[in-house]
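Please work from the sequences and hints to get the whole structure.
Line by line, the protein sequences give chains A and B.
Just so it is clear: in the first sequence, position 44 is 43 by numbering that gives the first Met the number 0, and no numbers are missing.
Just so it is clear: in the second sequence, position 510 is 509 by numbering that gives the first Met the number 0, and no numbers are missing.
Please note that a few of the clues may not be correct.
Claimed, not checked - The calculated lysine-lysine pairs, modelled on BS3-like cross-linking and capped at a C-alpha distance of 25 Å, are:
id: 1; chain 1: B; residue 1: Lys501; chain 2: A; residue 2: Lys67
id: 2; chain 1: A; residue 1: Lys5; chain 2: B; residue 2: Lys438
id: 3; chain 1: B; residue 1: Lys501; chain 2: A; residue 2: Lys5
id: 4; chain 1: B; residue 1: Lys438; chain 2: A; residue 2: Lys104
As the list claims (entries may be wrong) - For each label pair, taking beta carbons as the anchor points, the in silico distance ranges come out as:
id: 5; chain 1: B; residue 1: Ile464; chain 2: A; residue 2: Ser71; range: 41 to 47 Å
id: 6; chain 1: B; residue 1: Asn539; chain 2: A; residue 2: Ser71; range: 29 to 35 Å
id: 7; chain 1: B; residue 1: Gln394; chain 2: A; residue 2: Glu17; range: 49 to 55 Å
id: 8; chain 1: A; residue 1: His47; chain 2: B; residue 2: Met460; range: 36 to 42 Å
id: 9; chain 1: A; residue 1: Asp29; chain 2: B; residue 2: Leu422; range: 27 to 33 Å
id: 10; chain 1: B; residue 1: Lys552; chain 2: A; residue 2: His47; range: 54 to 60 Å
Hints were generated in silico from the structure; no laboratory data involved.
Even for Gly, the Cβ is constructed at its ideal location relative to N, Cα and C.
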Amino acid sequence: MNKPLKILYVEDEESIREEMVEILKLDYDDVHVAVNGEEAVEIYKRLHPDIVISDVQMPIMDGISMSKEILSIDENAKIILITAFNEKSYLEETEAIGVRSYLTKPVNIDELFEKIEELSNI
Amino acid sequence: MNKLSILIIDDSKLINDSLCSSLEERGFDVTQAYDISTAKETILNHSFDYALLDLVLPDGDGEELLPFLQIHEEIRVIVMTSDRDADRRKNLFNFGIVIDYITKERHFNEMELSIVQLIERISTNDGLNILVVDDSHFMRTTLRILLSKRGFKVFTAVDGKEALEVIKERKIDAAIVDLEMPVMDGNRLLSAIRRNKSNLLMPIMIVSGTNDPQKIAHVIKNGANDFIKKPYVNEELLLKIDKMMQELKQQRLIKVHEATFAMYNKAIDEAAILFKLDSNLNITYANTYLSDLLHNSDEITVGTNFKDYVADGDKIYLDPLRDKLAKGYPQQISFRFNTPDAKLISLKLTFTPIKHNEEYSEEILVIGFDISLLQQNEDLLQARINKEVKKNWEQNKLLIQQSKMASMGEMIGHIGHQWRQPLNSLGLLFQKLNKAYQKEKLTDELMKNSAEKAMYIMNQMSETINDFKDFFKDDKSVQLCDLTSVVEHASSLVEPSIEANKIKLVINSTHDISILCLKNELSQVILNILTNAMDALIQNNVENPEILLSIDKIDNDATIIIEDNAGGIADNIIEKIFEPYFTTKENENGTGIGLYMSQTIIQKHMNGQIKVNNTVSGASFKIVLPINSKETHE
Chain A
0 MNKPLKILYV
10 EDEESIREEM
20 VEILKLDYDD
30 VHVAVNGEEA
40 VEIYKRLHPD
50 IVISDVQMPI
60 MDGISMSKEI
70 LSIDENAKII
80 LITAFNEKSY
90 LEETEAIGVR
100 SYLTKPVNID
110 ELFEKIEELS
120 NI
Chain B
0 MNKLSILIID
10 DSKLINDSLC
20 SSLEERGFDV
30 TQAYDISTAK
40 ETILNHSFDY
50 ALLDLVLPDG
60 DGEELLPFLQ
70 IHEEIRVIVM
80 TSDRDADRRK
90 NLFNFGIVID
100 YITKERHFNE
110 MELSIVQLIE
120 RISTNDGLNI
130 LVVDDSHFMR
140 TTLRILLSKR
150 GFKVFTAVDG
160 KEALEVIKER
170 KIDAAIVDLE
180 MPVMDGNRLL
190 SAIRRNKSNL
200 LMPIMIVSGT
210 NDPQKIAHVI
220 KNGANDFIKK
230 PYVNEELLLK
240 IDKMMQELKQ
250 QRLIKVHEAT
260 FAMYNKAIDE
270 AAILFKLDSN
280 LNITYANTYL
290 SDLLHNSDEI
300 TVGTNFKDYV
310 ADGDKIYLDP
320 LRDKLAKGYP
330 QQISFRFNTP
340 DAKLISLKLT
350 FTPIKHNEEY
360 SEEILVIGFD
370 ISLLQQNEDL
380 LQARINKEVK
390 KNWEQNKLLI
400 QQSKMASMGE
410 MIGHIGHQWR
420 QPLNSLGLLF
430 QKLNKAYQKE
440 KLTDELMKNS
450 AEKAMYIMNQ
460 MSETINDFKD
470 FFKDDKSVQL
480 CDLTSVVEHA
490 SSLVEPSIEA
500 NKIKLVINST
510 HDISILCLKN
520 ELSQVILNIL
530 TNAMDALIQN
540 NVENPEILLS
550 IDKIDNDATI
560 IIEDNAGGIA
570 DNIIEKIFEP
580 YFTTKENENG
590 TGIGLYMSQT
600 IIQKHMNGQI
610 KVNNTVSGAS
620 FKIVLPINSK
630 ETHE
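Have a look at this one:
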């Protein structure tokens, strides 16, 4: 029951990125990846994915700066941030700029899929 | 003591000047005159102890000065002349004020020496009392004048009876006695004097006109020291008296030396061990001190052998000692002695081979001290030091333990960072399998790949544990290590934490440096400094935080510099940061041991140096390690 959702997944750590892509591809066909915020912004400009799922801590451009950039391009962008527990304080800032949702590490896949469904239905 | 003043009256400028300078050198106060008239003037204006008078002077005969000098009674006149005329000599002596006569024909040095000896003799006569016993008034007066000028104090008596009274009341050092006298003659007086034991050694000269050799022999037998026959010339009498008195002075000097020596002897005997040995180390003399120590009487100690008392452990020193002594070298050695009550005493002994006629005899003098008590104190002190050292060591061990616990806490933090990613990966992997299974998409391939991946991740994780476990192992000994890889390995342990805090870590290494080091201990130091830098960067919320680690080689030293840009260490504490229990992190469970331990490791275990200073942007720690250090870990 594949849905025509276009997803952009942003993660700098290769092993995690690989796992997550495999998982996402179990449900979604159109999955794109970026290894940092800067690359993600570029891809977003080109592909306008329906949903962006991103790690917060990344080199070159972190998840929060990336979110700001993307939201400045498309204020309706749907972004889910994945963060380590101790990065939670950032999230007050992210909510203020319009990030829709966040998950804490270690990621619960069911929860992630629920969030994706939730956002895709808006 | 006042300087003796001398007036030289001689027209020969050479003799006058030479005498003047040599007498001045000997400490006399010298005035010079070249003729009778200047001499007179000088005598009027100054007082002199002695006058050296040349008889041949340009403005007349030196003898013309004698009546003038006679007025100034305190002046003693020494006549210098080349004139050997016996009558003139006799005359001059008879004049009374002339006390000696030096012939100028002698070599100048001899003449000068005679003058000095004469003056010395006269000054030592000072305080000596001579008794003149003669029934002739003329003789008494003549002798009084002559002898007074010679420096003696003169007493007189008219006969033997009066003489005995004077001797009883005064301290009389010597006597000149006329043999033929009324009331009590010389012989009887002589016997009476000698009867008193304290006067046995009093020098006595007998004066007599007798020609009878029997009589003279009798006088000598009776105890006279010398005899002079009347008529005599004064010069002869004075020479004889001088000789007699010189002997007395020498006897007295010997007595003084003997008394001093006896005093030293007694002092040594009371204060120290004193004994003598022959070349076979047999004891030939032992003082009470030694005998008391060995609980023996002197007689028993003497005849025993030194070896028998020496404790078994010290007997090995005996043969080398004998060798050295045989060659005439004095030796100082501490020996432990066995005493009859089975107690050990320590003696510090000085062995001196005694020289007789330029050859070493078989006699060895030994002086020593009982140092048992000192030794005891020393042992006690040593025991106390050992105790303190042990205590210190235990304290240090505790410190090391504490520091390990502290770094253990840090390590757990570091492991946490290391494991966060793999744990996340594993979590995702299992969820993926579950999801795939639920969606009936779990293929054989996916299962196999996932299992392999999971094993790979878990292997990595257990490697991390091994790394940290190694780190806490004690280094058994120094190893030859590549410094860069040790430092890089240590850094890799904290790298995840550093990265998690967005800190840039740069490692610069330009040389391959092989160094003997304690790998884990050095790693601990690197880790400690890196962690401190990291904490400071986080605490101060530094923009673009950075740690720069450089490894370099300067001459025979390897240097490791770790710099951060966290703003540096406050001036008031930078001196204290290596002190134990000094911490700036009381609220964060800082123990204040890390840098103290780092310093201990670098300085004491690896013979290096660790220093800190502030740079423009932060703190800089510099570790210097000697590349050829052979130091080993105790």
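Taking the hints in turn, this is what the structure says about them:
1. B:Lys501 <-> A:Lys67: It holds: about 20 Å lies between the C-alpha atoms, which stays within 25 Å.
2. A:Lys5 <-> B:Lys438: holds, 20 Å
3. B:Lys501 <-> A:Lys5: Violated: B:Lys501 and A:Lys5 sit about 32 Å apart, past 25 Å.
4. B:Lys438 <-> A:Lys104: holds, 24 Å
5. B:Ile464 <-> A:Ser71: 41 to 47 Å: holds, 45 Å
6. B:Asn539 <-> A:Ser71: 29 to 35 Å: About 32 Å separates the Cβ atoms of B:Asn539 and A:Ser71, which means 29 to 35 Å holds.
7. B:Gln394 <-> A:Glu17: 49 to 55 Å: At roughly 53 Å between Cβ atoms, A:Glu17 and B:Gln394 fall inside 49 to 55 Å, so the hint holds.
8. A:His47 <-> B:Met460: 36 to 42 Å: Taking Cβ atoms as reference, A:His47 and B:Met460 lie about 39 Å apart, which means the hint holds.
9. A:Asp29 <-> B:Leu422: 27 to 33 Å: holds, 29 Å
10. B:Lys552 <-> A:His47: 54 to 60 Å: holds, 57 Å
Hint check: a violation occurs at hint 3 only; the rest are consistent with the structure.
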